[in-house]
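K.L.:
Residues per chain, in single letters:
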Amino acid sequence: MLLGPTQNSTFPMPPPSPERLVITGWGCVSALGEDAASTWPRLIRGEHVREPITCFPVEGCRVTEGAEAPIPPINWLTPKQKRRLGRASRLALPAAREALEHAGLLNADGRCTLSELEMSLSTTACSMERIEAFVRQIWLPPATHGNKTQSLRVATYQSQQQIKDLQTHLHFSGSATILSNACAGGANAIGHASDLIRSGMADIVLTGGYDPLCELVFCGFDSLQSLAPDLCRPFDLHRNGLMLGEGAGFLVLESESHAARRDAPIRGILAGYGHSTDTFHLTQPAADGAPLERAMRAALARAGLTPRDVGYINAHGTGTPFNDRAEASAFSRVFGEDLSGLKLSSTKAAIGHTLGAAGSLEAIFCLQSLQTGQIPPQLHTSEPEPLVASILAKPGDTLAQKATLSVNLGFGGSNAALLFTNP
Amino acid sequence: MSDDLSILSWGVVSPGGTGVDSLSNPTDWPKTLVPENAHPDRAHPVAYVAPETLPDRWRLRPRFRRGSPISHFMVEAASQALEAQPGIDRSRLGMIYATSVGCSLYSVRFYRQFQKEGRRFASPLLFPETVTNSPLSHLASELNTGGPVYSQIGDKSCWSNALRTASCWLKNGDADSVLVIGAEEFEPHELDAFRAMRWLDRPYTRPFAEGAGALLLARGAHPNTPKLTQIADGFCFHSLSAGVETAQRCLGKFPPEIPVCDSATGWIETVAQKTRVPDSAFGPLPNLAHEAYCASCSWDTIRAAAYLSTHPSEALVVPYWGLSLQVGAALLSGAAF
Chain A
1 MLLGPTQNST FPMPPPSPER LVITGWGCVS ALGEDAASTW PRLIRGEHVR EPITCFPVEG
61 CRVTEGAEAP IPPINWLTPK QKRRLGRASR LALPAAREAL EHAGLLNADG RCTLSELEMS
121 LSTTACSMER IEAFVRQIWL PPATHGNKTQ SLRVATYQSQ QQIKDLQTHL HFSGSATILS
181 NACAGGANAI GHASDLIRSG MADIVLTGGY DPLCELVFCG FDSLQSLAPD LCRPFDLHRN
241 GLMLGEGAGF LVLESESHAA RRDAPIRGIL AGYGHSTDTF HLTQPAADGA PLERAMRAAL
301 ARAGLTPRDV GYINAHGTGT PFNDRAEASA FSRVFGEDLS GLKLSSTKAA IGHTLGAAGS
361 LEAIFCLQSL QTGQIPPQLH TSEPEPLVAS ILAKPGDTLA QKATLSVNLG FGGSNAALLF
421 TNP
Chain B
424 MSDDLSILSW GVVSPGGTGV DSLSNPTDWP KTLVPENAHP DRAHPVAYVA PETLPDRWRL
484 RPRFRRGSPI SHFMVEAASQ ALEAQPGIDR SRLGMIYATS VGCSLYSVRF YRQFQKEGRR
544 FASPLLFPET VTNSPLSHLA SELNTGGPVY SQIGDKSCWS NALRTASCWL KNGDADSVLV
604 IGAEEFEPHE LDAFRAMRWL DRPYTRPFAE GAGALLLARG AHPNTPKLTQ IADGFCFHSL
664 SAGVETAQRC LGKFPPEIPV CDSATGWIET VAQKTRVPDS AFGPLPNLAH EAYCASCSWD
724 TIRAAAYLST HPSEALVVPY WGLSLQVGAA LLSGAAF
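Top line first, the protein sequences correspond to chains A and B. Going letter by letter, the first sequence gives residues 1 to 423 in my numbering. Going letter by letter, the second sequence gives residues 424 to 760 in my numbering.
Listed next, the stretches of chain A that the computed footprint assigns to chain B, with coverage defined by at least 3 CB atoms under 8 Å from CB atoms of chain B:
1. 223-231
2. 267-280
3. 406-413
It should be emphasised that the hints constitute simulated quantities derived from the structure, not laboratory data. Note that the Cβ used here is the ideal one computed from N, Cα and C, for glycine as well.
Extracted from the complex, chain B is given alone in its bound form (with noise of 0.2 Å):
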């Protein structure tokens, strides 16, 4: 059996809506300017998911009534996955969620409520929305899946992680495929925490932006699909000096002559540009230039898969750059590769 895993197919919910052709020009994702918190003159651009973009089939399943967005996000974009793919076992389909910032909305909301009303007055059904893994708790209801499940939280490097934990899965037989995503919803403290950082002012600082992708993953090599091939993980920093070196050192674990995608976002663009990557090297995929985490490490990878699934004599090597911790990468590679 090939080591490969096969990317049999994917789901995308972004700001410029759902499928994978909605991540083909970022630049017109509609913008809201959104107000800090603490100083509400200064306002961000964020690209949001419309709700009116996202089907309607969610709103009022019981589990999804009182679910955050990121819930909706999920659903929806592991079902196109799925959709794509009627013939999967779903008692034999794992799941994992990787995200950076998880249900901040609910949290954050939840956390306000009950400062401002009196912790006698928390509400008990906002709650149990704040936990992390409630998103993927309402998916395995609403999917009827069977295999494991887990959430995966970290620096936005952890969908590398996350992948890693699928061939585990599916190397170890513990599931026949799994399904993959990255999602994140955007909460507006976000914005106050990047002042306390000093990077909302930089040049390198992109707009944020919310939404999720799914990977649906499988043991073995299918015909014209693309490969996992291979996957590079781990690779820790606590410094600007040590990042360039520590992304030297992943991605000096891919061929040389395979093209790298243009991922970087935010600080660790700087990071990115001293590191070996020449101009010449980059993949035929413009950088989405928004930062929406371990969302945006989904729409990477889909994007390189779907590239890769018209241009199968191709390989790329997609990085997946943490803005505080680690840089991880995944080489795909088309069928005839």
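Next comes chain A alone, as it looks inside the complex (with noise of 0.2 Å):
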């Protein structure tokens, strides 16, 4: 069996590594597939997914459509552990399995090859449709708050809930991070895995993110008016808002010498990240796109890249009004006029905005990419932004740089950039 050698005391540490940064696999489940393999393909396809929420009521709500993704049946949980899992470890959990599987971590028993192993994650709504639940009942006369069912509500609603069942159905332990920051979490989550590697605190982490959707959350997206009422269309002048969508992205990331220590298949790198905050509004990102303009910067720096190497940008293009025209700024600075050979498309039009696992998502899309040489078309934009009217990718368009970049902006400021480069 192998161990991590660097869980547990993590301090003092090392020196900073500069070594690669290196993704030996990835898993998903999105609104188009139950897996990385099988959302790919529908993706490029021009394939999107919307259709009246079902998973919790949504009369009076000016908008009730959203992207909910098939939940994966989980064969290999007794129905007595899948009972008493929530909606966001039904996505999380068959991501991180698919991801180790594709790392090459996962044992014939469906266990973890590594005792320990750390995890970097990102959620924003965690299991709120037990918290939902639980909260209901208590208003309830008369109320049964003390019975099982509400007792396991309590016990599972816990933002640390998907930490536990990870560990346990996927038989692993180890120091574990939850960042909550909004849409950019997803992210960030696997720049601070990178950070973690980088100082020497770990050498493999199981990054990635998840969220399901949930009443509160939606209702509140629909109080703020800022859901779509029909196609979410990202970068068009006359979009009107998001579509929400739910899943989980997991990706395995490691330093290079301990992936070929274990001999393990090389399927991207992750030359470079940055982040940034946005202090101009909780809600609005700044219009000029400044913050996010140097989250770019600071991947491109350290990635030691240059604009015209990026290929590909997977754009947070929430389809809001401010949302697109700060990114649109932002890319027009940074990429300026020469925009030969890049192309651009925001998943988020095809399934939905996922929130906390957005940025997982996007970043394996950005990996497929290289991989395959395809790039996601951009779905429902008929008449786009001019400042990315020229990038913005078609059916059919093949990545022709070395480099693919995913951007995230999130409530409440948080900026966030992730560069990928083929091994």
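Put the two chains together into one complex; each comes in its own frame, and the hints tell you how they fit.
P.N.:
Structure follows, in structure tokens:
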């Protein structure tokens, strides 16, 4: 059994590592598929999901549609084990398991081959549907607050529950961080994993994000009138809001030497990570996109790459007027006028905005783009923002440069940029 | 350069007031009897932060007019820490916020309001304040910081994880200094949750409390400041028996002669008692004996740092006893240790 050598006693530490950070596996659950292998071809074909929400009542909301994910059956667990899992864990577990398997870290019994494996995770809603069910029950007379169902809800609604579920059902232990940096959290979690490896605190990290649809968040976005009443149209002049989705994305990130020691397949390189905080407004980005520009320039600088090396940007592209304008402005400043060889799309038009999972899912799409040379087309955009009109990806477009970039902007001002290259 | 991190300063908001002295006599903290939602005939003592004890300077600031109580606790604690170190370059200051419960007051209020009045009438003013990272967003704006900003959630021991993130940033050069803030606000449904778990009637369940603690860390040794010398993190457990063994492994990472602070609250006190720590090895600081999750962890760390600033030749281990996931701990030492 391999042991991750740096868990548990983490400080004092060795000097920062100059090693390359490699990705050896990934897995996901999205509205387009129960795994990464089925999601990608549908994304490339330009398919999308937008259906009535069924997992909680939406009567009275202005918008009642979104992108629900198919919940994988998780047949490797017993029915009792499955009953204890909240929706977040039902999304996270299969995605994490796929990532471990892809990275060669799962044995024939479905157990992680490492006894210690650090995790860097992201979520915004955790097991919110269980909290909602708990408080609704409390408000009902007569209260049955002490019954078994309620104690199970309390025991499993806490934010650390997904750590417990992942560790229990995939059979490993170790330090785990949950970042809740809103919509940029998934990218921040990957960036944090890279920071841990750079600092010498870890040499392999399972990183990713998960977020289920839930009533509180859905009604919250509905109250802000941020949800698109029809199709989500990123970077379209007539865009009118986002589409909420759900999903999970996980990656195995490790130092190159660690991957070499275990003879692991290297599927991509995390070449750079940059992040910044936008203090303009709690719910709106600075119109000029300057904080996002800082994050992108930081990622490029860390990677030692220039903007001309980037062939595909997976934009945050929520489809809201403020976000897409700020993003387009930031892209135009970083990438200048010479946009030949650059393509851009927001995959949120296809799978919805998965909040804390978005950065992780979109990072996987960037890696799949590097691996296959294909680019997810921009859907539902007929009259594009002039600043990005020439670079919006069309069906059949292929990757012409050596790097892909994934960017995310979050509620509260979190901005993150991840830069990937091929091995 | 030394691997130690210096603890430059700290700030506290607690039911006893503001500043580290407010943690001196927790038994004197004023208590309010708060009824359970489902059974209003059952009430429990809660130590709230009295609004009048918080300085007025934040209430009319644009970002804080609608901010939840936790945002106010955090900005006051963070400001105390920064005001003690006016030379800090805020453009290179990172911030990490650790919480277990987060913006629970506004989350419950928002959910209850639209359940009662209809989803069409959900409040767009309340919703943004329910988002976990809203308080830290307000802080970054108000304090004009330019470094990395992370909100970390989880078991109360995610405080040790936050300290670890800070040490990672400082080690990598991503920030010159980092404010690590543990904060919680009390929301009465916690009582119903503890009731559902059958914890409320147990002798180990302490009065609930709320507030914040902020710790300003910097790389290397600074004169006459206590140090954060070692962090042990990631000791997970899933049962009582595993908890004892796990805690022993965690505390076994530290030199056995260094006193361990008495910081366990709740059911995990039984784990702490069964762990290797004999009474004689307890540190000089009495248990705060209130449950404020990550805020409690920050207060325990700040009390240890304050003690070591006047006892520079000593050191203390501060354990962070999570209620359902993991145990972490930190070794703090005085400047002359």
